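Novice: Listed below, chain by chain, are the residues.
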Amino acid sequence: MTMVVPRHRAFVFGNDIDTDALAPGQYMGGGIEALAAHCLEAVDPDFASSVQPGDIVVAGKNFGMGSSREQAAQALRHLGVGAVVARSFAGIFYRNAINLGLPVFIATGDTSMLRPGDAVEIDIDGAALLTQTGRIALEPLPYFLLDMIADGGLVPHLEKRFAASASPKETAL
Amino acid sequence: MPQSLAQKIIARASGRSHVEVGDVVTARVDLAMIHDSGGPRRVEPILKRLGVGLYDKDKVVLVSDHYVPGDTEEGAAILQLTRRWAAEKGVTFYDGEGICHVVLPERGHLKPGMFVVGGDSHSPTGGAFGAYMFGIGATEMAGVLATGEIWIKVPETIRIEWSGTLGPRLMAKDMLLAMCGRLGMDGGRYQAIEYAGETVRGLGMQERMTLSNMAAELGAQAGLIAPDQTTMAWLAEHGATDLPDPAHWQPDLDAVPDELHRFDAETLVPQVAAPHSPANSAPVDEYEPTDIDVAYIGACTGAKYTDLKAAADILRGRTLAKGVELLVAPSSKRDQDRAADEGIMKVLEDAGAKVLPNACGICAGYGSARLGEDVTCISTTARNFRGRMGAKSSKVYLGSPYTVAASALAGRIVDPREVGA
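Residue numbers (the working numbering), protein chains in the order written: chain A, 1 to 173; chain B, 1001 to 1421.
Hint data in this document are derived by calculation from the structure and do not stem from the laboratory. Just so it is clear, the structure is predicted and the values come from calculations on it, not from any experiment. Backbone N, C-alpha and C define an ideal beta-carbon position, used for all residues, glycine too. Check before you lean on any hint, since a few could be wrong.
Think about it this way: if two alpha-carbon atoms lie no more than 35 Å apart in a straight line, the pair counts; the simulated DSBU-like pairs of lysine-lysine are [claimed, not checked]: (1) K160/A with K1059/B; (2) K1354/B with K1333/B; (3) K1057/B with K1089/B; (4) K1057/B with K1153/B; (5) K1354/B with K61/A; (6) K160/A with K1048/B.
Simulated DEER-style distance windows between Cβ atoms [what the hints assert, rightly or not]: (7) S49/A with E1074/B: 23 to 31 Å; (8) R115/A with E1074/B: 35 to 43 Å; (9) A137/A with R1016/B: 27 to 35 Å.
The shape of chain A in the complex, shown without the other chains:
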């Protein structure tokens, strides 16, 4: 049994948080710094200025819907968000997040009692979101995706593989 003490804060959002809210198009030219500063401002103007490294975004259904822009996941990672826990994710966002090393978890348990600012922590081994009052079950990620996240995302993951392989073209993902 892993003992993890909740010590980060939950930032709680509703359903259908889209990629334009996560990475607004008009700041695309300003680089990830600028995008991150405006991340989610359409739904919570204080998010970017108040989120601390390790804090966890908790959301409803269909998180990350919209465009394929991976800056949506990158902005969250840039702000130091520790993980995103949602009832469901838009597929492209889900893939992008893992590729960029941002842990994303589908909540199979009920997250509706969580309030903004609640202390939370992810227990990866136990596939749960720990709160001060209990555990909320998460869908476990396949081992190779956890590996990729642990490596820091797809690029460092491939770097490791290519470095270990004499014939890079033969390397599987």
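Starting from the known structure of chain A, fit chain B onto it as the hints suggest.
Specialist: Using the frame of chain A, we list chain B on its own:
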């Protein structure tokens, strides 16, 4: 085991005789499509870091469409970088020819049974040709360009059957908005959609492309339409070679979809999606009088030849309502040329339309025509998220080219069936 079309394509691409829903497999990619925004400028630094080149330059197609026409210094620089990369790598490159989702099919690149990735969320468009095609981000694309492979979780299949014939002034866009309205934007939880039924078989390829494209709005990974004679005739006309036997790329008759939804084209009326989600779709006659400032006929789902023709059918011999701006950005140069040859572009311009470059334009949030504060727009594009096409205070309604053109005439959102022929 009976197999869905998605399973058949993924099985072939992953070198297996069959796959089960939920299997995670590594698949070989037959073609990778990239564009100027998420393409060279994003993938090249990663390829450099990995110290590798392209897995196969003949399996990469590059299109410039997001920053076209490069009317800012930044846009011009991105286009220049894109052109240099294309020349250096020797990949097929369509520069300013139109939107990637329209250009690839019209050049015969997408064929039944192919497993294709695109660096854009509307990549399911390839499903109209019986290809398993889906959108991925730039980092994942760099991985594909380096290795030729990608992991995929075999999706469940949602079968959406349409019966009956579309009435006058109804289009694929109305069908799709009706599906968004009923099923919601997460109606597809990254499943594969299979569009089927007589209504779908009765659609031309560009209309089918709109259905497949907006599978993204239904939350699906792919939006497949099994190939038929319409598909094969289009491919032959558009220079596709080595055509497969369409019989190989049909779902098994006894394959049971994980979900089945039925829609009736006979009872369908023109649909409009209210701000700020395609899922806010309702029959056009349910809207209170809604004045508009801008009408936009553009994007991969709304300004193909078929769409331009539909708009012209409404606008012929008429002029815009006072104070309304009609912007038309034809989806591809070829479609614009054909429309010009047939007098369609002249009809649009005579009515008062301003014609913009063959590119994504304001649908993708780029270009100089972005919507100002408090502007209300009705648009043929695929999505109407808050602030996507301009100021956060702007409002975007979605409708078919018929509905958008009719609304441009009236100055408010109207049923295109009220405009006489």
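Novice: Could you run down the list of hints and mark each one as holding or not?
Specialist: Hint by hint, here is what the structure shows:
1. K160/A with K1059/B: Judged against 35 Å, a Cα distance of about 25 Å means the pair holds.
2. K1354/B with K1333/B: Distance ~16 Å between K1354/B and K1333/B Cα, so the pair holds.
3. K1057/B with K1089/B: holds, 7 Å
4. K1057/B with K1153/B: Between K1057/B and K1153/B the Cα gap is close to 26 Å, so the pair holds against 35 Å.
5. K1354/B with K61/A: violated, 40 Å
6. K160/A with K1048/B: Roughly 14 Å separates the two Cα atoms, so the pair holds.
7. S49/A with E1074/B: 23 to 31 Å: 27 Å Cβ-Cβ, so the 23 to 31 Å window holds.
8. R115/A with E1074/B: 35 to 43 Å: 42 Å Cβ-Cβ, so the 35 to 43 Å window holds.
9. A137/A with R1016/B: 27 to 35 Å: For R1016/B against A137/A, whose Cβ atoms are near 32 Å apart, the range 27 to 35 Å holds.
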